Amino acid sequence: MSLHDLFREVMAIYEQDKQEKLSKERRTFQLVTRAIPEALKALPFLPPDRYMVKGSVGQGNWTDVPWVAVMDQEVTDSTQRGYYIVYLFSEDMRRLYLTLAQGVTETPKDEMERVKRGIRQLIPAEERVRTDDDIRLGESKRAKDYERSVAAYIAYSFDDLPSDEQLARDLETMIDYYRQYVERTEPMTPPEQAFSYREAVEHIHSYISAKGFYYTKEEVANLFLSLKTKPFVILSGISGTGKTKIVQWLAESVGATEDNGRFALIPVRPDWNDGSDLLGYVDIKGEFKPGPLANVIIEAENHPDKPYFVVLDEMNLARVEHYFSDVLSVMESRRWENGHITSSRLLPRETAGRDLFLPPNVYIIGTVNMDETTHPFSKKVLDRANTIEFNRVRLDHLDFLRDVPTVAPQPVGQELFAARYLHLKDVYARCPELVETVTKQLVDINRILEPLGAHIGYRVRDEICFYLAYNEEGKLMEFDKAFDYCLMQKMLPRLSGSDARLERALKQLFVLCAGFEPDGDYSGALDVSYARYPKSAEKIWRMLRRLEDDGFTSFWLGA
1 MSLHDLFREV MAIYEQDKQE KLSKERRTFQ LVTRAIPEAL KALPFLPPDR YMVKGSVGQG
61 NWTDVPWVAV MDQEVTDSTQ RGYYIVYLFS EDMRRLYLTL AQGVTETPKD EMERVKRGIR
121 QLIPAEERVR TDDDIRLGES KRAKDYERSV AAYIAYSFDD LPSDEQLARD LETMIDYYRQ
181 YVERTEPMTP PEQAFSYREA VEHIHSYISA KGFYYTKEEV ANLFLSLKTK PFVILSGISG
241 TGKTKIVQWL AESVGATEDN GRFALIPVRP DWNDGSDLLG YVDIKGEFKP GPLANVIIEA
301 ENHPDKPYFV VLDEMNLARV EHYFSDVLSV MESRRWENGH ITSSRLLPRE TAGRDLFLPP
361 NVYIIGTVNM DETTHPFSKK VLDRANTIEF NRVRLDHLDF LRDVPTVAPQ PVGQELFAAR
421 YLHLKDVYAR CPELVETVTK QLVDINRILE PLGAHIGYRV RDEICFYLAY NEEGKLMEFD
481 KAFDYCLMQK MLPRLSGSDA RLERALKQLF VLCAGFEPDG DYSGALDVSY ARYPKSAEKI
541 WRMLRRLEDD GFTSFWLGA
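Just so you know, we're using UniProt numbering here: the sequence shown kicks off at 1 and counts up by one.
Honestly, the hints are just simulated from the structure, not real lab data. This structure is a prediction, so every number in the text was calculated from the model and none was measured. It cannot be assumed that every hint is accurate.
[Claimed, not checked] Below, simulated BS3-like cross-link-like pairs (lysine-lysine); rule was C-alpha separation at most 30 angstroms, straight line:
| # | residue 1 | residue 2 |
| --- | --- | --- |
| 1 | Lys-425 | Lys-507 |
| 2 | Lys-475 | Lys-217 |
| 3 | Lys-24 | Lys-109 |
| 4 | Lys-507 | Lys-440 |
Please model the entire structure based on the sequences and the hints provided.
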């Protein structure tokens with residue numbers, strides 16, 4: 001049968017069939033779900049590898065407005081979301097509309113209006129394709145919802161249904177407008193996920209594992225918590241442990257890639273000696289030339305609902321205090337203003353042509369190696385970051401080669417990584433007992449560190465409380481495990497030296513972490529299975545061994 005005859009038959013018998021129970025045997029069910037889609041698929045301008053055709057008369061019960069949709073699979077595979085071409089029958093079966101419409105179930109109202117405006121701007125004023133709101137499908141809620149979703153349409157009547165040739169030309173015209181709009185808009189991405197902290201860690205860990213890198217779920221949780229606590233993290237460890245890759249895969253797992261500009265790898269050069277190499281400079285013509293970080297910042301300011309990730313690769317090839325001090329200072333100026341996080345100016349209008357701030361949706365991760373070609377970190381830098389050590393390598397981790405399924409990225413919004421705490425009172429208002437418990441432990445640790453001048457200040461205390469509060473909210477780790485990470489990352493990196501005071505402090509810290517005194521023989525294996533803070537206890541043990549062997553020790557030296 002021709003398209004003309006198929007459409008006309010549906011309009012002639014639908015109301016009669018609708019009086020009976022919905023059944024696959026009904027003629028209109030066969031026409032709408034099979035015959036009409038097959039006839040449309042046969043048209044030469046609808047290649048099957050791109051367009052999906054689907055019809056419906058309802059699910060369980062007859063719908064008031066049956067439809068046949070033509071969907072570009074690059075845009076959507078469901079009539080509940082996205083935009084597509086759809087034939088809509090009016091409730092009284094006197095009219096048929098060929099429309100460019102949208103899914104009403106999963107499309108927010110503001111998004112629907114934006115797409116309608118965009119489509120209508122493409123279509124020139126002409127009598128046949130209309131871009132007004134005069135479509136009339138009926139009085140039911142379903143009919144009214146569909147009417148609101150329509151951006152453009154061609155109206156037909158039962159008494160004057162055009163020929164097959166005209167129906168095909170009209171559909172080809174609509175396909176052309178559809179294609180133009182698809183090509184003018186950004187590539188479609190899956191809808192953003194509203195992950196809980198636990199779900200986010202599960203997804204990121206699965207994504208990274210499928211790439212062939214071995215990190216425990218706890219280590220992924222620690223990286224996530226560290227980024228949420230402060231948008232500056234240092235990853236240390238021997239070369240080849242995947243420090244850069246874990247950040248790249250984390251970013252990619254949540255939809256941030258180099259292609260969309262939301263992941264940037266910036267190699268640090270040894271000759272960087274001020275902020276201009278990173279942020280930009282004014283050339284001899286008086287024009288501002290933005291640096292690589294400034295480019296990311298400008299893009300992030302334009303998309304505040306998306307997280308942006310920056311890797312400063314081999315961060316300590318140059319002195320961090322020289323080229324990164326402006327960023328560190330502005331990072332500490334963050335404050336709440338009208339419910340949003342803002343900062344002091346990073347670059348003034350006189351330099352950059354606009355006031356440049358540090359957006360809260362930019363996360364900076366520095367990777368570092370410690371050898372004769374690199375520079376040590378000052379306490380100013382260490383106070384402002386969680387320092388995560390990656391030295392373990394599992395070369396026999398081959399699960400990703402054994403039928404481990406690929407995990408698709410799941411785009412998320414900035415809310416997942418966004419800071420909720422900037423000041424201790426923000427945490428105390430929610431969980432005062434946690435703040436008091438943490439503070440008591442930190443006071444005990446400070447008594448040990450004070451003779452070295454290595455005791456912590458308010459900033460470190462506050463950020464440890466932020467980290468532990470986020471951990472409690474997400475139920476990611478037991479309290480002692482989370483505190484162990486904080487001790488390892490915020491306090492031990494400050495320790496280095498060769499004198500007896502450092503040895504005494506390390507031994508006292510070991511007792512606090514492990515629950516027993518070291519016997520002075522650091523050559524054997526250490527059983528930390530019963531330690532309260534096993535990671536820190538093991539690290540301190542290795543530092544004591546280095547001190548005994550070489551007369552000098554540091555967090556940054558290998559075992």
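Pair hint outcome, Lys-475 versus Lys-217 [Cα-Cα no greater than 30 angstroms]: 13 angstroms, holds
Under the criterion that the straight-line Cα-Cα distance not exceed 30 angstroms, is the pair Lys-24, Lys-109 satisfied? 34 angstroms, violated
Taking only the CA atoms, is the gap from Lys-425 to Lys-507 under or equal to 30 angstroms? This hinted pair is violated, its Cα atoms lying about 34 angstroms apart.
Satisfaction of hint between Lys-440 and Lys-507, Cα-Cα up to 30 angstroms: Holds, at about 20 angstroms.
Violation of the numbered hints given earlier is confined to hints 1 and 3; the remaining hints are satisfied by the structure.
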